[in-house]
Amino acid sequence: MRIAVLSGKGGTGKTLVSVNLAAASKESTYIDCDVEEPNGHLFFKPEGVQEEEISVKIVKVDNELCNGCRKCVDFCKFNALAYIKNKLIVFEDVCHSCGGCILVCPEKALTEKAKVIGKVQKGVSNEVTVLTGMLNTGEATGIPIIKKLLAENNPQADQLTFIDCPPGSACIVMESIKDADYCVLVAEPTLFGVHNLNMVFELVKLFNKPFGVVLNKCLDEENPAEKFCFENNIKILGRIPFDNELGSLNSNAEIAVNKNEKYRELFSFLLKTVAKEVRCNETTTNP
Amino acid sequence: MKIAIPVDEKTLESSVCVSFGRTPYFLIYDVETKESIFIENSAATSTGGAGIKAAQIIVDNKANVLLTPRLGENAADVLKPAEIKIYKKTTGSAKDNIDAFIASELLLLDEIHAGFHGHEGN
Amino acid sequence: MKQLLILSGKGGTGKTTIASAFIKLADAKAYADCDVDAPNLHLITGWNVEPKKTDYYGLPKAEINLELCTQCDQCRQNCRFGAIKAESHYKVDPFACEGCGFCAYVCPAEAITLVPAVAGELMLYSDREKVFSTAQLKMGSGNSGMLVTEVKKQMKSAEVDTGLAIIDGSPGIGCPVIASLSGVNMVLIVAEPSISGISDMERIINTAAKFGTKIAICINKYDTNIKNTKKIEEFCNKQGLPYIGSIPFDSNAVKAINKGQTIVDIDCTSGTAVKEVYHKTMNLLFEQGGG
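Residue numbers (the numbering used here), protein chains in the order written: chain C, 1 to 287; chain E, 288 to 409; chain F, 410 to 700.
Treat the hints as calculated values from the structure; they're not laboratory data. Quantities reported herein were computed from a predicted structural model and do not represent experimental measurements. Just so you know, even glycine gets a beta-carbon here, dropped at the ideal spot from N, CA and C. Check each hint, because a few of them may be wrong.
Below are the PhoX-like pairs computed for lysine-lysine, each with C-alpha atoms no more than 25 Å apart in a straight line [stated by the list, open to error]:
(1) F/K668 with F/K539
(2) C/K122 with C/K147
(3) F/K438 with F/K684
(4) E/K367 with F/K619
(5) C/K178 with F/K470
(6) F/K494 with C/K209
(7) F/K494 with C/K205
Beyond 10 Å from chain C on every Cβ pair, some chain F residues (computed) [claimed, not checked]:
(8) D464
(9) K565
(10) T571
(11) L573
(12) N594
(13) G621
(14) Q648
Could you build the full structure based on these sequences and the hints that come with them?
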């Protein structure tokens with residue numbers, strides 16, 4: 001069962017929730033798809049880490065074979081090719097790896113080479129398998145890394161996988177939730193939080209994913225995120241109170257469920273609720 | 288010798304465009320014949336790699352010199368092997384810049400900025 | 410016109426809270442929200458006119474004309490992005506399509522064309538004196554960098570006579586951040602004193618440094634972890650980066666924001682602290698002989 005944890009707004013508690021739910025489960029997997037700013041590994045401090053570089057294919061030219069017809073220059077929608085003084089130049093940062101130019105070249109002068117854009121790390125922390133994606137700074141898109149992370153994951157049937165998603169609702173988030181069985185939306189009780197919650201609400205509906213909301217940093221006052229859930233008939237999976245000690249543990253990259261019994265209880269209860277929802281939705285969507 | 292200048296309008300009195308890659312037009316001025324032609328910059332609407340495409344246009348139109356306020360590294364990587372000399376434009380219209388160049392008043396552009404790498408900015 | 414960009418690396422550190430305070434303090438005439446994925450600045454800037462809205466077209470998307478399609482499968486086999494599905498009929502997944510044109514090229518029946526696709530919406534709020542440029546990326550779109558660029562262009566095209574533009578950035582280090590960095594004079598990084606926050610801060614500093622822009626750092630919610638705050642201060646010293654102040658955690662900040670106000674609209678500790686950070690930022694931004 002793959003459970004994606006997303007939020008729209010940054011800083012609401014995706015990592016707090018996904019890390020602690022994974023730690024509270026027996027034998028789970030935690031996947032950090034926030035490849036631009038991965039944080040889960042700071043909490044888990046995984047051991048036995050194996051690393052794999054992720055690369056994309058970039059075009060290269062054999063100028064001996066090139067006849068200067070410029071079909072490739074004209075074809076490329078991204079302007080990654082230029083033909084100057086009888087030489088073809090490839091702009092690697094601009095190339096989208098579509099492979100089209102290779103096909104249009106009549107002289108087979110274009111081939112591909114690998115360009116490393118980041119890496120995937122796999123390790124273990126107690127009973128949690130930790131998969132982390134890291135995008136090199138300066139690279140435009142982390143989607144190839146997310147694809148690899150999700151392909152690496154082959155959980156046993158009854159094991160849970162928690163996918164820590166990037167903030168927002170752009171293509172990189174879509175890639176992270178594409179194969180999820182259930183989505184947990186984490187919301188904070190602020191005006192900004194609700195505005196962005198609305199965005200991921202639309203996203204999970206578009207992708208037809210069953211979902212529920214976890215209200216984080218709850219105070220005694222009126223909670224605009226809770227109101228949003230009531231107004232839209234959204235299942236509230238749980239409420240995590242605004243708690244200085246929890247905040248402190250989190251800011252020191254400590255896994256709360258391992259540090260204090262009361263947090264273990266809180267997240268275990270949340271886990272039970274989430275697991276129940278996941279199973280319920282499984283039977284309704286897969287008759 | 289042909290001089291290329293990114294311009295906002297199709298006249299010699301036009302202001303020089305602040306962007307090279309996404310200028311609406313290029314003026315190609317022939318110093319010997321004093322002829323001007325204006326080319327529409329098809330790179331302006333590209334989602335990315337505008338500097339590369341714009342530079343290719345300059346090269347294909349056989350310019351020898353480019354007068355521009357600034358240039359990104361992708362465009363520079365096209366113009367350098369083509370041996371096109373790049374000068375920093377001065378104040379005034381395209382015509383003022385051509386006159387300044389002919390009077391050897393312009394300096395070479397040595398500050399190539401990091402470029403916008405498919406994102407284009409300003 | 411000098412451009413100040415506010416970034417953080419990590420989400421939720423307080424970019425928009427601080428940006429809105431700066432805008433108020435400077436009585437800024439030009440500002441923009443470059444977090445096109447999840448824009449929030451418009452919620453507290455108090456404009457009560459309708460913005461001018463423009464469709465933003467991203468990469469074109471491939472479309473299959475079913476009347477011409479012979480179901481030869483060439484398109485699906487050649488698509489590098491897995492964007493073509495063969496179900497009851499062939500169709501293009503607009504979220505995966507990158508507009509490269511490969512499928513259109515190989516289709517023997519010429520059944521595929523690339524059509525313009527709306528990927529978001531630009532919004533421009535303006536009156537005679539000031540301008541606020543923002544945008545909303547359509548869900549699932551890529552190419553947010555392009556849209557960020559359009560937001561900045563839109564702000565500049567309003568040609569407001571001012572010496573300062575304030576730009577609220579987005580979290581992360583990818584596409585939209587890189588686009589927002591282009592052409593700015595100074596980046597103010599809002600850091601959070603948590604292990605995650607420090608890790609993310611280092612990555613964004615690394616990204617911003619590639620552009621050679623002036624960088625300064627401030628810490629928000631500094632008193633939530635004094636140990637980490639000190640770590641950040643030491644890091645700044647070691648790297649020779651100006652550390653220009655810290656703002657305390659303040660529950661009144663949330664109250665103000667939820668009412669659509671900035672933290673300098675009310676009397677609160679974070680508001681007082683942000684004023685100092687603001688002055689130091691402006692000094693750095695406008696000092697002569699800077700980078």
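Whether F/L573 stays farther than 10 Å from all C-beta atoms of chain C, as the label says: holds, 24 Å
For the pair supplied as a hint, F/K438 and F/K684, confirm whether the alpha-carbon distance does not exceed 25 Å. holds, 18 Å
Distal placement of F/T571 relative to chain C, Cβ over 10 Å: The claim stands: F/T571 keeps its Cβ more than 10 Å from every Cβ of chain C (closest is about 26 Å).
Are all C-beta atoms of chain C more than 10 Å from that of F/Q648? F/Q648 clear of chain C: closest Cβ-Cβ about 15 Å, beyond 10 Å.
Consistency of the no-contact label for F/N594, given chain C and a CB cut of 10 Å: F/N594 is indeed farther than 10 Å from all Cβ atoms of chain C, at 21 Å.
Given as non-interface: F/G621, which should sit over 10 Å from chain C by C-beta: For F/G621, whose nearest Cβ neighbour in chain C is about 13 Å away, the distance exceeds 10 Å, so it holds.
Holds or violated: is the Cβ of F/D464 farther than 10 Å from all Cβ atoms of chain C? Holds, since 18 Å exceeds 10 Å.
Check the hint pairing F/K494 with C/K209 against an upper bound of 25 Å on the C-alpha distance. holds, 20 Å
Would the hint linking C/K122 and C/K147 be met if the CA-CA limit is 25 Å? holds, 15 Å
For F/K668 and F/K539, compute the direct alpha-carbon distance and say whether it is at most 25 Å. Roughly 23 Å separates the two Cα atoms, so the pair holds.
Beyond 10 Å from every Cβ of chain C: is that where the Cβ of F/K565 lies? holds, 23 Å
Is the Cα-Cα distance between E/K367 and F/K619 25 Å or less? At roughly 22 Å apart (the allowed maximum being 25 Å), F/K619 and E/K367 satisfy the hint.
Checked against the numbered hints above, the structure violates none of them.
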